[in-house]
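Top to bottom, those sequences are chains A and B. Going by numbering that gives the first Met the number 0, the residue at position 224 of the first sequence is 223; the numbering climbs one at a time, nothing skipped. Going by numbering that gives the first Met the number 0, the residue at position 126 of the second sequence is 125; the numbering climbs one at a time, nothing skipped.
If you are wondering where the hints come from, they were derived from the structure by calculation, not from laboratory data. Mixed in with the good hints there might be a few duds.
Derived pair list, reagent style DSSO-like, types lysine-lysine, alpha-carbon separation capped at 27 Å [unchecked claim]:
#, chain 1, residue 1, chain 2, residue 2
1, B, Lys147, A, Lys186
2, B, Lys123, B, Lys109
3, A, Lys3, B, Lys131
4, A, Lys88, B, Lys109
5, A, Lys158, B, Lys53
6, B, Lys68, B, Lys147
7, A, Lys158, B, Lys147
8, A, Lys196, B, Lys53
9, B, Lys53, B, Lys121
10, A, Lys196, B, Lys131
11, B, Lys95, B, Lys25
12, B, Lys56, B, Lys25
13, B, Lys121, A, Lys88
14, A, Lys84, B, Lys131
15, B, Lys131, A, Lys198
16, A, Lys88, B, Lys123
Quick partial rundown of chain B residues pointing at chain A, CB under 8 Å, derived from the structure [stated by the list, open to error]:
#, residue
17, Phe105
18, Ile107
19, Gln119
20, Asp148
Far from chain B, by Cβ distances over 12 Å, these chain A residues were calculated [stated by the list, open to error]:
#, residue
21, Ser7
22, Arg52
23, Asp85
24, Ser94
25, His101
26, Glu104
27, Phe109
28, Glu112
29, Asp123
30, Lys144
31, Val193
32, Leu200
33, Arg263
34, Glu266
35, Gln276
36, Ile284
We treat Cβ as the ideally placed atom computed from N, Cα and C, and that holds for glycine.
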Amino acid sequence: MKSKSLISISDFSKEEILQLLDRAKEFEKEPIQRILENYVIATLFFEPSTRTRLSFESAVSRLGGKIISFTDSMTSSVQKGESLKDTIKTVCSYSDLIVMRHPREGSARFASEVASVPVINAGDGANQHPTQCLLDLYSIFKTQKRLDDLNIMMVGDLKYGRTVHSLVIAMCHFNTTFHLVSPTELKLPGSVKVHIKDKNLKYYQYTDIVEAIPKADIIYMTRIQKERFSDPIEYEKVKNSYILTAEMLYTIKPDMKVLHPLPRINEISEDVDELPQAYYFNQAINGIYVRQALLANILGV
Amino acid sequence: MTKMLRRELKVSAIENGTVIDHIPSKSLFQVVRILNLEDLDNQILIGANLDSQKYGKKGILKLSNKFFKSEEINKIALVAPTATIIVIKDFHIIEKSNVTIPDEVFRIVKCFNPNCITNQEKVKTRFTVVDKRNLRLQCHYCERITAKDNMTFI
């Protein structure tokens with residue numbers, strides 16, 4: 000039987016998420032486990048993403064698996080006009096699992112329907128990036144020792160930030176209170192808020208960054224991108240209003256941590272990096288454990 | 000004489016088949032397209048912009064010897080929610096029903112997200128109807144919502 004793909008974070012139940020995070024904990028204790036020695040993993044990156052690709056390839060290597068990939072989709076058959084369906088069907092006969100990133104939304108779901116092997120979505124356009132979400136959950140779990148009943152503050156581009164959407168949807172399993180900080184133009188969309196409302200959870204919206212800081216267990220920072228604004232003047236007005244600085248962090252909860260999906264531009268001031276609350280550079284290593292756990296679970300080893 | 004006898008049919012009656020009545024006038028030809036009637040060899044009577052007591056103007060389709068499965072006919076609910084489906088046998092009404100908006104919509108609607116894979120490769124569209132009253136469809140692939148205002152039919 001074909002095992003399960005991971006396309007969207009909502010494909011996983013609460014139990015599946017918790018089970019996966021438990022498994023990630025085991026890989027953190029013992030990162031080198033050569034359980035994928037007889038497996039070939041294909042990494043298909045139709046658009047570049049160095050960080051995600053290296054993280055997956057590192058996870059596969061630590062499990063002893065082999066990696067096949069194309070280095071540049073511009074020189075491969077894609078450039079010659081091959082359809083995504085044909086590429087996926089071909090790669091299925093070379094590999095046991097496909098990790099793919101593609102610029103079109105919905106491409107990963109489609110690939111999982113035509114593939115005979117499981118597919119892990121490593122980002123489909125602006126839609127989903129579920130392994131980023133799992134690593135965020137693991138980071139929260141690790142720093143707070145739990146996922147239930149937390150106050151999560153999210154700052155920046157809540158409208159287009161896909162990591163924000165997935166994290167909100169996933170955290171709705173855990174009785175979270177959300178503090179949503181963004182310019183009016185970039186508020187969390189209704190399609191995501193529906194998940195909060197369905198579970199009758201509390202959420203508060205702010206346009207000012209400082210107000211919610213004392214309540215937060217986690218501050219999740221995101222980048223505000225210039226291209227999201229139709230009016231450049233609007234961007235200039237807000238671009239410096241959502242920067243987290245060390246001096247804002249004088250009244251905080253003792254275990255509060257600051258997360259960021261990276262890359263950072265200027266939304267976290269560098270003076271925060273030295274504080275014990277800065278956790279964003281530690282997140283990268285958690286990504287390896289989570290991806291190891293995911294690969295092992297999906298392949299059933 | 001009685002009123003009944005003076006009632007005159009603008010479009011002649013059929014012996015066996017399906018009548019789709021109370022189609023909003025502006026959606027009549029969309030219904031024709033959604034049901035693929037162009038490819039049908041059966042006798043088809045099309046009435047456009049007829050007077051309707053309920054709706055002012057309406058469209059009507061009479062299809063001889065053609066019967067639909069409910070999931071087939073419910074596709075038209077997206078453009079003609081007021082439509083009535085009448086099944087005729089030997090000039091008699093056998094069944095009269097309304098169309099209902101289906102839970103899932105296949106192929107007939109285009110995803111409004113230009114960056115969706117269904118608009119880039121040969122992928123058949125598929126949606127979950129997340130809001131039947133306001134007609135909001137969530138794409139199975141890109142997960143974006145296509146709402147009534149930006150809905151186009153394939």
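We went through each hint and held it up to the structure:
Taking the CA atoms of B/Lys147 and A/Lys186, the gap is near 23 Å; set against the 27 Å cutoff, the hint holds. Taking the CA atoms of B/Lys123 and B/Lys109, the gap is near 9 Å; set against the 27 Å cutoff, the hint holds. Between A/Lys3 and B/Lys131 the alpha-carbon distance is near 30 Å, which puts this suggested pair outside the 27 Å criterion. For the given pair, A/Lys88 sits about 25 Å from B/Lys109 by alpha-carbon distance, which is consistent with the 27 Å threshold.
A distance of roughly 43 Å separates the Cα atoms of A/Lys158 and B/Lys53; the hinted pair therefore is violated under the 27 Å criterion. Pair hint B/Lys68 plus B/Lys147 holds up; C-alpha atoms about 25 Å apart against a cutoff of 27 Å. With a C-alpha separation of about 21 Å, the suggested pair A/Lys158 and B/Lys147 falls inside the 27 Å cut-off, and the hint holds. In summary, the hint linking A/Lys196 to B/Lys53 is not supported, as the alpha carbons are separated by about 38 Å, beyond the 27 Å threshold.
With a C-alpha separation of about 42 Å, the suggested pair B/Lys53 and B/Lys121 falls outside the 27 Å cut-off, and the hint is violated. For the hint linking A/Lys196 to B/Lys131, the alpha-carbon distance of about 19 Å falls within 27 Å, and the restraint holds. For the suggested pair B/Lys95 and B/Lys25, the alpha carbons sit about 23 Å apart, so the restraint of at most 27 Å is met. Simply put, B/Lys56 and B/Lys25 have alpha-carbon atoms about 9 Å apart, close enough for the 27 Å limit, and the pair holds.
A C-alpha spacing of about 15 Å is found between B/Lys121 and A/Lys88, which places the hinted pair at or below 27 Å, so the restraint holds. Between the alpha carbons of A/Lys84 and B/Lys131 the distance comes to roughly 32 Å, so the proposed pair goes past 27 Å and is violated. Pair hint B/Lys131 plus A/Lys198 holds up; C-alpha atoms about 21 Å apart against a cutoff of 27 Å. At roughly 18 Å between alpha-carbon atoms, A/Lys88 and B/Lys123 fall within 27 Å of each other, so this suggested pair holds.
Annotation: interface hint on B/Phe105 violated; nearest CB of chain A at approximately 14 Å, more than 8 Å. With 8 Å as the threshold, the beta carbon of B/Ile107 stays out of range of chain A, its nearest partner Cβ sitting at about 18 Å, so the hint is violated. Among the interface hints, the one on B/Gln119 holds; its C-beta lies about 5 Å from the nearest C-beta in chain A, closer than the 8 Å criterion. About 15 Å separates the beta-carbon of B/Asp148 from the nearest beta-carbon of chain A, more than 8 Å, and the hint is not met.
With a least CB separation of 7 Å from chain B, A/Ser7 falls inside the 12 Å interface cut-off, contrary to its annotation. Once the 12 Å rule is applied to beta carbons, A/Arg52 is consistent with being away from chain B; the minimum gap is 21 Å. For A/Asp85, the requirement that its beta carbon stay farther than 12 Å from each beta carbon of chain B is not met, with the minimum near 10 Å. No Cβ of chain B comes within 12 Å of the Cβ of A/Ser94; the nearest lies about 21 Å off, and the non-interface call holds.
A Cβ of chain B approaches the Cβ of A/His101 within 12 Å, the least distance being about 8 Å, so the stated non-interface status is violated. A beta-carbon of chain B is positioned within 12 Å of the beta-carbon of A/Glu104; the least distance is around 3 Å. Listed as a non-interface residue, A/Phe109 fails to keep its Cβ farther than 12 Å from every Cβ of chain B; the least gap is roughly 5 Å. Distance check for A/Glu112 against chain B: the nearest CB is about 9 Å away, which does not clear 12 Å, and the non-interface claim fails.
For A/Asp123, the shortest C-beta to C-beta distance to chain B comes to about 8 Å, within the 12 Å cut-off, and the non-interface label is violated. With a closest Cβ-Cβ approach of about 32 Å to chain B, A/Lys144 is found to remain outside the 12 Å limit, as its non-interface label requires. For A/Val193, the shortest C-beta to C-beta distance to chain B comes to about 8 Å, within the 12 Å cut-off, and the non-interface label is violated. Non-interface call for A/Leu200 relative to chain B: holds, since the shortest CB-CB distance, roughly 19 Å, exceeds 12 Å.
Distance to chain B confirms A/Arg263 as a non-interface residue, since its nearest Cβ pair spans about 26 Å, more than 12 Å. At roughly 25 Å, the least C-beta separation between A/Glu266 and chain B is larger than 12 Å, which holds for a residue marked as non-interface. No beta-carbon of chain B is positioned within 12 Å of the beta-carbon of A/Gln276; the least distance is around 33 Å. The Cβ of A/Ile284 lies farther than 12 Å from every Cβ of chain B, with a closest approach of about 30 Å, so its non-interface assignment holds.
Of the numbered hints stated above, those contradicted by the structure are hints 3, 5, 8, 9, 14, 17, 18, 20, 21, 23, 25, 26, 27, 28, 29 and 31, listed in ascending order.
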